[in-house]
Each structure stands twice: as structure tokens, then as C-alpha cells.
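K.L.:
Following the hints, complete the assembly by docking chain F onto the known chain S.
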Amino acid sequence: MKFLPFVLRNLARNKLRSLLTASAIALAIALVCILRTMPAGMDAFLSSIASNTRISTHNEAGMVYQMPYSYLQKVRAVPGVVAAISWQWFGGAVDASRGVEFPNFAVDPEDFGRVYEDWNVSQQALDDFRKYRDAAIVGRGTLEKKGWKLGDVITLQSTLFGLELSFRIVGEVPNPRAVQLYFQREYLVQAFAALGTPLDSTGMIWSRIDDPERVGPVMRQIDEMFRNGEAETTSETEKSFFGNFFGSLKGIVTVIMIVAGIVTLCIVFIAANTASMSVRERVGEIAILKAIGFRSRTIFTTLLAEAVLLSTVAGAAGALISLALTSLLRSSLVSTGPQLGPLTGFVVTDAILVQAIFIAFFIGILSGWLPALGASRRSVAQTLREVF
Amino acid sequence: MALPISYSWRSLIARGTRTTFTVLVIALVVIATTLFWSLIASLKRTLVSSGSPENLVVMRKGATNDGSSQLTLESLQAIRFFEGIARDADGNPLISPELVVQPFFATTDGGRENVLVRGVEPMALRVHDEVVIAEGRMFTPSSGETVVGRGVSRRYKGASLGDELKFGRGTWKVVGILEAGGSSFESEVWVDARELANDAKRTLPYSGVRLRVAPGADMDALVRRIGDDPRYALEATREIDYYESLSSSANTLYVIVIGLAVLAGVGAVFGATNTMYAAVQSRTAEIGTLRALGFSRGSILLAFLSESVMMALFAFALGAIGASLLGRSISWLLGGIAFGAATFTTNVIQLHVAAGDLLMPLALSLLIGVFGGLAPAARAARMRPVDALRKA
Numbered sequence: 001m002k003f004l005p006f007v008l009r010n011l012a013r014n015k016l017r018s019l020l021t022a023s024a025i026a027l028a029i030a031l032v033c034i035l036r037t038m039p040a041g042m043d044a045f046l047s048s049i050a051s052n053t054r055i056s057t058h059n060e061a062g063m064v065y066q067m068p069y070s071y072l073q074k075v076r077a078v079p080g081v082v083a084a085i086s087w088q089w090f091g092g093a094v095d096a097s098r099g100v101e102f103p104n105f106a107v108d109p110e111d112f113g114r115v116y117e118d119w120n121v122s123q124q125a126l127d128d129f130r131k132y133r134d135a136a137i138v139g140r141g142t143l144e145k146k147g148w149k150l151g152d153v154i155t156l157q158s159t160l161f162g163l164e165l166s167f168r169i170v171g172e173v174p175n176p177r178a179v180q181l182y183f184q185r186e187y188l189v190q191a192f193a194a195l196g197t198p199l200d201s202t203g204m205i206w207s208r209i210d211d212p213e214r215v216g217p218v219m220r221q222i223d224e225m226f227r228n229g230e231a232e233t234t235s236e237t238e239k240s241f242f243g244n245f246f247g248s249l250k251g252i253v254t255v256i257m258i259v260a261g262i263v264t265l266c267i268v269f270i271a272a273n274t275a276s277m278s279v280r281e282r283v284g285e286i287a288i289l290k291a292i293g294f295r296s297r298t299i300f301t302t303l304l305a306e307a308v309l310l311s312t313v314a315g316a317a318g319a320l321i322s323l324a325l326t327s328l329l330r331s332s333l334v335s336t337g338p339q340l341g342p343l344t345g346f347v348v349t350d351a352i353l354v355q356a357i358f359i360a361f362f363i364g365i366l367s368g369w370l371p372a373l374g375a376s377r378r379s380v381a382q383t384l385r386e387v388f
Numbered sequence: 001m002a003l004p005i006s007y008s009w010r011s012l013i014a015r016g017t018r019t020t021f022t023v024l025v026i027a028l029v030v031i032a033t034t035l036f037w038s039l040i041a042s043l044k045r046t047l048v049s050s051g052s053p054e055n056l057v058v059m060r061k062g063a064t065n066d067g068s069s070q071l072t073l074e075s076l077q078a079i080r081f082f083e084g085i086a087r088d089a090d091g092n093p094l095i096s097p098e099l100v101v102q103p104f105f106a107t108t109d110g111g112r113e114n115v116l117v118r119g120v121e122p123m124a125l126r127v128h129d130e131v132v133i134a135e136g137r138m139f140t141p142s143s144g145e146t147v148v149g150r151g152v153s154r155r156y157k158g159a160s161l162g163d164e165l166k167f168g169r170g171t172w173k174v175v176g177i178l179e180a181g182g183s184s185f186e187s188e189v190w191v192d193a194r195e196l197a198n199d200a201k202r203t204l205p206y207s208g209v210r211l212r213v214a215p216g217a218d219m220d221a222l223v224r225r226i227g228d229d230p231r232y233a234l235e236a237t238r239e240i241d242y243y244e245s246l247s248s249s250a251n252t253l254y255v256i257v258i259g260l261a262v263l264a265g266v267g268a269v270f271g272a273t274n275t276m277y278a279a280v281q282s283r284t285a286e287i288g289t290l291r292a293l294g295f296s297r298g299s300i301l302l303a304f305l306s307e308s309v310m311m312a313l314f315a316f317a318l319g320a321i322g323a324s325l326l327g328r329s330i331s332w333l334l335g336g337i338a339f340g341a342a343t344f345t346t347n348v349i350q351l352h353v354a355a356g357d358l359l360m361p362l363a364l365s366l367l368i369g370v371f372g373g374l375a376p377a378a379r380a381a382r383m384r385p386v387d388a389l390r391k392a
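Protein chains in written order, with the working numbering: chain S, 1 to 388; chain F, 1 to 392.
So here's chain F without its partners, still in its complex pose:
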């Protein structure tokens, strides 16, 4: 016969101070790991959500990102006529030649950061169809206008709609705000490609090309076609793979966070074990009585184990709420968290605890509960009723 679940629950409440301390310890471990984990997950989400599965990035062979690539006009002309590229109603290929430059921007708190400025042509908005002008309008070419990402407009001086924004050699009028579902395009500034090339005194007008593959076309064939052309030394990558590769530095950070979680988790297991041992010890008589009444060893073990797991789960709930509130306030206070990207530009990310980010902390709390309760529960179950009653 099993002990009712309320026996474990009430035992927890009966020893309020001890339970509270342990719950707080586990909750704090949950907060610490959740914060760190979701910081990296937020970065990863920002990068991985960038790009479209139907798009290709074309860069110079050997360039790891479009900030370090250059493209000649001849190769751009050649790409235009490759097969498999989507076309609009007028028959123009959906090709967006782009120039990427990383000038300094002044942050509102007096620092300076490199921001990715993308020089584009009108076709860009059709190739990057996830990017929308959320406020204002698109810039007019050759008129010193710019549209800035949502993250940029919050973080830098003079980057709000209608402001005069200083970067590069000139001053630009902000006429629109870009949104792209929280992806890294929201950390970018877009201007007319030719104006940017003039400002940056670039001899080669473009860094790379983004293009849309025609529906039903063989994407891999196009990738090979571009990469195999010996005249231009180009390389095509799927846009989503490109952003995935930019986010690879986040993967090594996950290793560090898991290390942190293991250390903190083992510490919390020791804390929980202490509490549960004390619980078993102070209830020796009770356990003896229960055994004398006919409750089996297994049900005693289960009762103490569920007590410990319950405690850990309650702590998890508390910690998850704490972490999401804390994350939100940190993000709000700092105006987004800057993350240096592989392009040596700044990604502005919002620290957001997503439901999926809570899986690791949930697993951690369960393990803390189980391992923290196992040894004490086993000790309780091993007690001989006669001894237990006599000791008490």
C-alpha cells in the first residue's frame, strides 16, 4: 500500500524553515542557469531566425562572412543569368547585391560599437521578404536617407525615426524602422548601396549577393554552378546555413553553461540531501509507526523521494518565474544586450526566457530532487520498525 501524496506534501509544510531554505537554494540555482542559458539561446534564436530557406548567400571563396567579402561587377553580371533564380512579374531576377560596412555608432550611454550597415538596392526588400518597414518608409536612393533596425533605433544616438544619424563620413536621415521577427536584421542599418560605397571609398561596390531560388528549382545545382565557375572564385551558401555558422560560437558557450549547471546542481543536491536526512532523522518514530502499521519499505522510500522531488519542482516553478522577471528587467535596463558577432558587428539581443529554455533547468531540478532524496529515502526505508520505535 502506498502512502498518500498528501503525506509528503504535508511533511514539507510541517518543517517550514528547512523546506524554505532548500527551496530557495534550488530556485536560485534554477534562476542562475536559466538566465545564462536563455541569454545564449536568445543570441542563437536571433541569428538562426535570420535568413530564408529559399535564399542563397554568394560571397568570395574563403570569406567567412559578408563583411570580409568582395565581389567584382563582372561576377555580379554573370550571376544574373544563372538558371534557377526566381524572377518577379517583370522578369527581373530576385538578386540583391549588397555592400556591408561596419562603421562606429555612438551608443546612448557614451560608448561606441561597430554596427553592420548594409548598402542595398530596392530589390533587397523582395529578396529578404521577412524584413518589413514597420514605421516610416523605405529610403529614397541618393538622398542621404536610411532605415534602421528596431534594435539599432533603441540603442544608438540619433537612430530614432526622424533623427539625423551620424556614421561613416556623413549624416543620414532616419526615415524608417525595420522589423524582421527579432532576427539579426533588426541590428542592421540599411542605406543606398552606391551612397555607402562612396562614403566608405570602396573601389569594389559590392561585398556579396543574396538571391532567391526559383520555386521548384534545384538549389544544390545552383550552389554547385556558382561554386564551380573558375572565372570568379565564388561560393554560394544557403542563407540559413550561413547564419547558423555565424551562431556557432554560441555552441561552445552552451558547453560552459552546462558546466555551470552541473557544478551548481551538484551543490544543490548536497543541500537537498542534508535537508532530507534531517527530515528522516527527526521522523524516526513516525517511520517506525508507519512500518508497524504495515506500510512497506517501498512505500516509505517512495514517500520520501516524492517529498524531495516535490520540493525541487516547487523550487523550479519559483525559479522559472524569478528568472523570466529578472531577464526581462535586465534586458529593459540595458536597452538590449549587445553581443559581438563573428562579423565584428554588434547584435542587439533581447534576453527572453522562452518556454524551451526552461527544459534544461526543469531536468536539472528533477535530478536535484531525485538525487537529493535518494540516499535519505533509502535510509528511511531500511529502518527496522522495532529499532525505529525503540530509538524514539
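The following block holds chain S by itself, in its conformation from the complex:
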């Protein structure tokens, strides 16, 4: 510790160089943080929404293959199922030319609160959702993005059916990652009736099971019940469902991780270049330090500390920059559509911040090690002869 002022003095000696190096490292670390929000957003999404007692049942053939609506009653009757609701994709767009910006579904309001107990939707919202035909519950992510408030009336034009429906927002799903809009199935049924086509099918059924231990057997029982029926089903846990749903993003995530790795490697070279330049310029004075009795180990430690200090401080600054930049990204009007799903949430988590600072710390060690070692090992006599 007593060498700290010495290390700081050395860093301050070439202020411009230290500043440039630190800025380069900070920018690169910020970039790594932002890139890492993409895969991390996926993980966080899966663990934040996925309940281990909630299962999805859908047609084995695919999401667009429907099931008879009567399946809902049959699923509700299975022992172990506490509550179940159906989901019907509406494909509503605020502005048809911009396409579907957030998923929206017609659901059964009676059991909504019991199936999504863990979502903490307020009791008032659930009551209103049951009471009013045109009620809608919207995820906080979409409310923030669109600037909507409770009580607002919004209109969605279905890209799937020739329909336009207006909804009154009565509640929110209080989670910034939640983006869906839910409305009453009955509202859609009536709109269909007005068109003269009955709506008697559904795309998905979500159920809550009383005991995590029973989830497996209940899923098997449901699928067995519909075997050879009008629509054969696949039941799976919520985590598996969304994991599969966003499974096609794996390739992009791989590319992002590779790019993040390359940027990290970049930082190593920037830092190593600076470390080796500083050491080379100081060859003479290092020899003098040794000649007047400083140990090689002390020299090594102070040089290494210089590199580590510079890169760790820069890393911390970079982490802060990434916080600012992501909040800018989130509030900007850039909409990537629902296809990239949870990849573009741009939320820098605490874990990413801590890891970024650790990465910077290790880059400091990695980049400072060889130059510091080289300098501390050089023969004094040899160096003094060369320099003076």
C-alpha cells in the first residue's frame, strides 16, 4: 500500500496516454456489457416468467394448429389442475403498417389471477378485468414503451382476422419485461358472432398445477386424454415452452457472444500495448531503482498494480457508461418488433456490471504481467550500460 502514491504518480506521468487507454477500455467494456444484455435478457426472461407449476398445452402440430375450446373444460377437470385459461392469438397492431409490436391474446378472465398468481397483478385490476367486457391487462414494458396509462382506451387492428377492437386498460403486469396485452375471450367471441363466424377453438391452454411434483404426471395425463382425439396435444412446462419458442434465436446469441469475446480480446491488446510502452520508456529508471536497492518483486508489483488499477477503474467507468447507453436505447423509438423477443430488453443487470469489473481487473493482470515481469528481470548492469 505504501507504494500506492508511486503507482499513481506513474499513471499521472503521461496523463494523455493514461486517459486515452482508460477511455478505450471503458468504451470496450461498455460495449461488452451492452452485448451481454442480449443473451442475459433471454435468461432473465425465462427465469422471471417461468413458474414451475404452470404448464402450457397446445396442438402437437404447432401453434397455428387450433384445439377445440371444449378442451379447456376437460383440462380443468384433470385432478391436480388448480385453474386453467385459454389463450387465443389476436395479432393486433396499433398501426397496421408497422405490424404487431407486442403479443396480444384473448383469455378467460375468471381464472386469470389464479393461473398467474406469481405475476402480482392487483386485485382491483383482476376484478375490473372480469367485470368489463372491453377490459385489458397490459405488461409494464409495453405501457412504458407506448406511454399508455391505466384508464386509456386503445384500438388494435387484427392482422389475423378482419377485426378492429378497442380496449380499456384496467391493469398492468408489474414487470418491466412483461410486454403482452390480455383481453376477454368473450369480447372476441362476440366480435366473431357479429361477423357471422363462430369462434369455437383456441390456440393454447395454460394451467396451474397444485404441486410441482405432480406436474409431470398431469402433463402426461392431459396429452393421453386427447390422444387420437380431434387435436392431439403437447403439454410442457412454461420454461420449456418459452425456451422452445425463442430457441431459433440461439444462432444469433452465439454470434453476439463471439463478438463480445472479440471485443474483450481487443481490450487486452489495448491495455498490453500501453503497459509495454510505459515499461519500455522507463527502462533506465527501473534499473536505477534496482541499483539503489529496490527488490525485483517490488518493481514487478508496482508495475502490475499500475496496469490493474488503470484497467479496473476504466472498467468501472465503462460499466457506468453502459447503464447510460442502455437507458438511452430503451427510451429511443427503435423498435425491433417481437421477433427478437427478450434479446432487445437492454437491461444491464448487477451481475453483468460485477462481471464487467472483474473482466477489467483480469485484463489488467493479463496485460501487465509480461511487461512487468520483463522489466523486473532485466539485468541492472546491462540496462545502465545501454541507457547511459
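These are calculated hints, taken from the structure and not from any lab test.
Backbone N, C-alpha and C define an ideal beta-carbon position, used for all residues, glycine too.
Fair warning: there could be bad hints in the mix.
As the list claims (entries may be wrong) - Think about it this way: if two alpha-carbon atoms lie no more than 30 Å apart in a straight line, the pair counts; the simulated BS3-like pairs of lysine-lysine are:
| no. | chain 1 | residue 1 | chain 2 | residue 2 |
| --- | --- | --- | --- | --- |
| 1 | S | K74 | F | K201 |
| 2 | F | K44 | F | K157 |
| 3 | F | K173 | S | K239 |
| 4 | S | K15 | S | K239 |
| 5 | S | K250 | F | K157 |
| 6 | S | K131 | S | K145 |
| 7 | S | K145 | F | K44 |
| 8 | F | K166 | S | K250 |
| 9 | F | K157 | F | K201 |
| 10 | S | K146 | S | K239 |
| 11 | S | K250 | S | K146 |
| 12 | S | K239 | F | K157 |
| 13 | F | K44 | S | K146 |
| 14 | S | K146 | S | K131 |
| 15 | S | K145 | S | K239 |
| 16 | S | K2 | S | K290 |
| 17 | F | K61 | F | K201 |
| 18 | S | K250 | F | K173 |
| 19 | S | K74 | S | K239 |
| 20 | F | K44 | F | K61 |
| 21 | F | K61 | S | K146 |
| 22 | S | K149 | S | K131 |
| 23 | F | K157 | F | K173 |
| 24 | S | K239 | S | K250 |
| 25 | F | K61 | S | K145 |
| 26 | S | K15 | S | K145 |
| 27 | S | K15 | S | K2 |
| 28 | F | K173 | F | K201 |
| 29 | S | K145 | S | K74 |
| 30 | F | K44 | S | K250 |
| 31 | F | K166 | F | K201 |
| 32 | S | K74 | F | K166 |
What the hints assert, rightly or not - Computed Cβ-Cβ distance ranges for the label pairs, DEER-style:
| no. | chain 1 | residue 1 | chain 2 | residue 2 | range |
| --- | --- | --- | --- | --- | --- |
| 33 | F | S245 | S | L150 | 31 to 39 Å |
| 34 | F | I321 | S | E144 | 41 to 49 Å |
| 35 | F | E130 | S | K131 | 17 to 25 Å |
| 36 | F | E286 | S | K15 | 22 to 30 Å |
| 37 | S | S327 | F | W332 | 37 to 45 Å |
| 38 | F | R10 | S | K15 | 25 to 33 Å |
P.N.:
Structure of chain F alone, referenced to chain S:
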């Protein structure tokens, strides 16, 4: 008098370690941006190269893609007699009614993805004339046969020629492989429209219609004619515009990549500046001598600037080669990269670094070279020969 270019070049080589580090930094920035940029460009190319300028897509009004559209038989019959549609030698209109369904397919690595299955009639191959059967033959209607796109056959279980492919409610025999110049049709599976309608239990047999406009006919008039007919609520779009609109999500991704390039680029500028400052500092005596010999300030500035630009260009070359090799291996290892499309189906794209994708990284490297060298070169040029010589 200008300093010879070899002066800059040799100075770079003379300080090997420092140059190497900086070249590596810039090369890595080039690799990172090129990879990302060409991923999006590949997606965009796949979508934009789909479709023909002579074709129209007819869908229900309000539908954003043919996966969410339905068409009644009456409206199909009405379209058949519209003017301006191309006809074959027998006088049949080149109209391809199609049903689009997105069932699950099992990937070879155990996942599942939605794939676009297009139910078509024999006319489809004549309307989509860029689609060819590269291997095997076209399916025979009503016999449980299918032809699959090149991308599909690589990525999914049971999708090779001669295999039994399971999707929807049935099992289909793969009798042919489709190719369409790398466009998104290669991520599709084609089957008989009626068989698909049965399998998917669709009451309305078609999602939409693709048709070919007669040579010399007024395409805009036909578009208006279809869109204005109040009986059917249809909308016609040029096929190329339709695929362009599907690729619009890629445009916002470009913004993200440019942001990435700017951040990484500014970082690299700082790195290059450091190196060039050190170069100027360690050559103080040399600069003094050059000035004393009569080289002007301008030629010193130019020499250091070209040193920095040369370094950046060399790094660009290295990075471009690295990125294209890396892109190729990633694509090969993953069997193509899946991209969710607006239709909620999967586009299988090959990550390919095209020559045009290198323009942005090239511009970036040049900027890094210029901005990284500017301040240090200016400092070198400002040096007074007497001071420089005395300091050394």
C-alpha cells in the same frame, strides 16, 4: 518536398511490437463489426432476393404477411378474370393460390422451430420462376409427398431427400429439394395445397394468391383494381415490396450495429492515438533532423498520418480475412443461422461476408487511421527543429 512512402512503412516495421498490438486491436474491431453487419446483411439479402418484380401478392386487407391472411374461393375466382394477368400457352392465368401454415419441425439438435409450409398447386413453379427443383422431382398431388428448401433439408430431422418428414398431423415423403438462389423460399416446405388444408383443418383453403403480371400490362392499374373491389376486401402488393417489408426489422438492427461500430471504433482511435504519440515521442531527434534537412511541416504531418492510415488499412485486410473465415465456420458449425421472421417462421440464413459488407468496416478503419494519427502527426509537425534536436 514530401517524404517517401517507404519512410512511413519502414517506421512501422521498425517498432514491431507496438505496431502489432495496434494492428491487432483494429483488426479485431473490424472482425466484430463485419460479423455483425454481414449477419444482418445476409438476412436482408435472403429476404430481399425473394420474390420477382413481375409478381403480385394478393392478401386479405390488413394482413401483414401471408401467414395471417385468408382468402375466400369467390374472391379467388374473381381474381382469375382480372385483366393484366399473364397467361401460359394454353391460356391459363399464371395465378398461384397458396395456403401458408407454420407447423413445428424438429431440428437435428433436438429443438423445435416453426417452419413455413406452403400449400401450392402445380402452377406455383411457373409463377415463382426463380424456384427450381435442384434434386429429385416435384411432388405428385394427393400422395403425401413434399419438396423441401435447401436450408430446411440441412437443418431439420428427416428432411433429406428420400426421408420421411413428420410435421402437422401426418408424415410426408421428401421427393425433391428446392433451390431459389439463396432466397427465403429455401427455408420453406412445399406440399399439395388441398392435402395441407386437410391436415391443418382449414375451412378456407387459401391464405393468398401470387400472380404474374402480363408483360407490358399496367401493374399499378391491376393493384388498384384488386384493392378497390369492395366485395372482397383484398390488397395487392408487389412481391418484392412484400419481402422488403418483411425485412424491415433488419433495418433497426443496422442502427444497433452502427452504434456498436462507433463505440468500438472510438475505442480503437484512442488505442491508435496512443501508439502514434509514442512513435512521435521516440522519434523526436529524427523529426528534428528531418526538419533541419529542409522537410516541411506539411510533409512531416503527411508522413505520420500515412503511417497511421497504413497501419489501419493493413489491420482492415487482416480483419476482413479473419471475419470471412470466422463467419464461414460459424455458419458451417451451426448448419445455418436461424432468424425468426415476421411470419413467426424460421429463415435459415448462411452467414456470408459479401464484398459490399466490407465497405462499412473499410470506412471505419480509414477513420480510425486518420483520427488516430491526426493529433500525434500535428504534434510532430509543430516541433521546432532546434528544440527537437536539443531535447534529443
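K.L.:
Please go over all the hints and tell whether each is borne out by the structure.
P.N.:
Right, here's what the structure says about each hint:
| no. | hint | verdict |
| --- | --- | --- |
| 1 | S:K74 - F:K201 | 21 Å, holds |
| 2 | F:K44 - F:K157 | 26 Å, holds |
| 3 | F:K173 - S:K239 | 33 Å, violated |
| 4 | S:K15 - S:K239 | 51 Å, violated |
| 5 | S:K250 - F:K157 | 18 Å, holds |
| 6 | S:K131 - S:K145 | 27 Å, holds |
| 7 | S:K145 - F:K44 | 26 Å, holds |
| 8 | F:K166 - S:K250 | 23 Å, holds |
| 9 | F:K157 - F:K201 | 24 Å, holds |
| 10 | S:K146 - S:K239 | 28 Å, holds |
| 11 | S:K250 - S:K146 | 28 Å, holds |
| 12 | S:K239 - F:K157 | 23 Å, holds |
| 13 | F:K44 - S:K146 | 27 Å, holds |
| 14 | S:K146 - S:K131 | 25 Å, holds |
| 15 | S:K145 - S:K239 | 25 Å, holds |
| 16 | S:K2 - S:K290 | 18 Å, holds |
| 17 | F:K61 - F:K201 | 23 Å, holds |
| 18 | S:K250 - F:K173 | 29 Å, holds |
| 19 | S:K74 - S:K239 | 23 Å, holds |
| 20 | F:K44 - F:K61 | 25 Å, holds |
| 21 | F:K61 - S:K146 | 25 Å, holds |
| 22 | S:K149 - S:K131 | 19 Å, holds |
| 23 | F:K157 - F:K173 | 13 Å, holds |
| 24 | S:K239 - S:K250 | 15 Å, holds |
| 25 | F:K61 - S:K145 | 27 Å, holds |
| 26 | S:K15 - S:K145 | 43 Å, violated |
| 27 | S:K15 - S:K2 | 22 Å, holds |
| 28 | F:K173 - F:K201 | 20 Å, holds |
| 29 | S:K145 - S:K74 | 38 Å, violated |
| 30 | F:K44 - S:K250 | 19 Å, holds |
| 31 | F:K166 - F:K201 | 17 Å, holds |
| 32 | S:K74 - F:K166 | 28 Å, holds |
| 33 | F:S245 - S:L150: 31 to 39 Å | 34 Å, holds |
| 34 | F:I321 - S:E144: 41 to 49 Å | 44 Å, holds |
| 35 | F:E130 - S:K131: 17 to 25 Å | 55 Å, violated |
| 36 | F:E286 - S:K15: 22 to 30 Å | 25 Å, holds |
| 37 | S:S327 - F:W332: 37 to 45 Å | 38 Å, holds |
| 38 | F:R10 - S:K15: 25 to 33 Å | 31 Å, holds |
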